[in-house]
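**Q** Sequence:
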Amino acid sequence: MASALLRHIGSMAKLGTIGFGGGSALIPLFEKELVQRRRVLGEEEFTRDTVVSNVTPGGLPTKLAGLSGLRLAGVPGSVLGGFAATAPGTAMVLGLVALFGILGPDGVLAIEFASVGISAYVVVVLLEYVVRLIRTAPRPWVAAAITVAVAALTGLDDLARLLGLALGQEWELSLPQLSSVAIVVVALALIILFSLLTGWRRRWAQPRLHRPPDDDGAPPVPGPPTPGV
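All residue numbers for the sequence shown refer to this note's numbering, where the first residue is 1 and numbers rise by one.
Fair warning: there could be bad hints in the mix.
What the hints assert, rightly or not - Keeping only pairs whose Cα atoms sit at most 16 Å apart, straight-line, the calculated EDC-like set for lysine to aspartate or glutamate is:
#, residue 1, residue 2
1, 63, 31
2, 14, 33
3, 32, 44
I should point out that these hints are in silico values taken from the structure, not numbers from a laboratory. Owing to the predicted nature of the structure, the values given are computational and were not obtained by experimental measurement.
Starting from the given sequences, assemble the full structure and let the hints guide the process.
**A** Take a look at the structure:
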């Protein structure tokens, strides 16, 4: 238990140090560390932890670290793993704030351009993760359709604006957009409805064994036992 706890803390501290982008951008890094490299979690377990982390409030990396730590080292692994994933980023933020005060506007501009490169890296990592999930899904075309629909509902305006900038144009669609919270609520409602309908269909599809009633509609009454010969 102690060795598993220490190793988990070290892994979470490493992810908290190199995990630029925050939020969902760290999901591929967590998967690579816990599922592919260390192999302490299965793909299904990690997917469940990711879903729970996405539909509950709070920082996603902290929740992923806490859930994986709970599986590997109990409550201490959950608490210390979450702290280890959060502490490096907090320390870096404080350090950068102090550095901005020393370097002045030129230093802030340099960090801003560096953040553009980091954002491009995050986009590539997330796209690779999404494509891999779609390919490994039981029904890839369904997973792809859901992914495209959610992307359109939450960021079609931003995508059109980005495409317009690439073409030297200014495109403003002004389409209604759903927040991530609204998407989660709708998804949970659809999942619950689908589960209820599926359970209802399976229940009524089972064959029912019954005896036909007598002519008068009453259930059959057993007769006296037949004496042996």
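**Q** A separate judgement is required for each hint: does it hold in the structure or not?
**A** So, going through the hints one by one against the coordinates:
1. 63 with 31: Holds, because 14 Å separates the two Cα atoms, which is no more than 16 Å.
2. 14 with 33: The given pair, whose Cα atoms are some 10 Å apart, holds under the 16 Å limit.
3. 32 with 44: holds (14 Å)
Every hint from the earlier list agrees with this structure, and none is contradicted.
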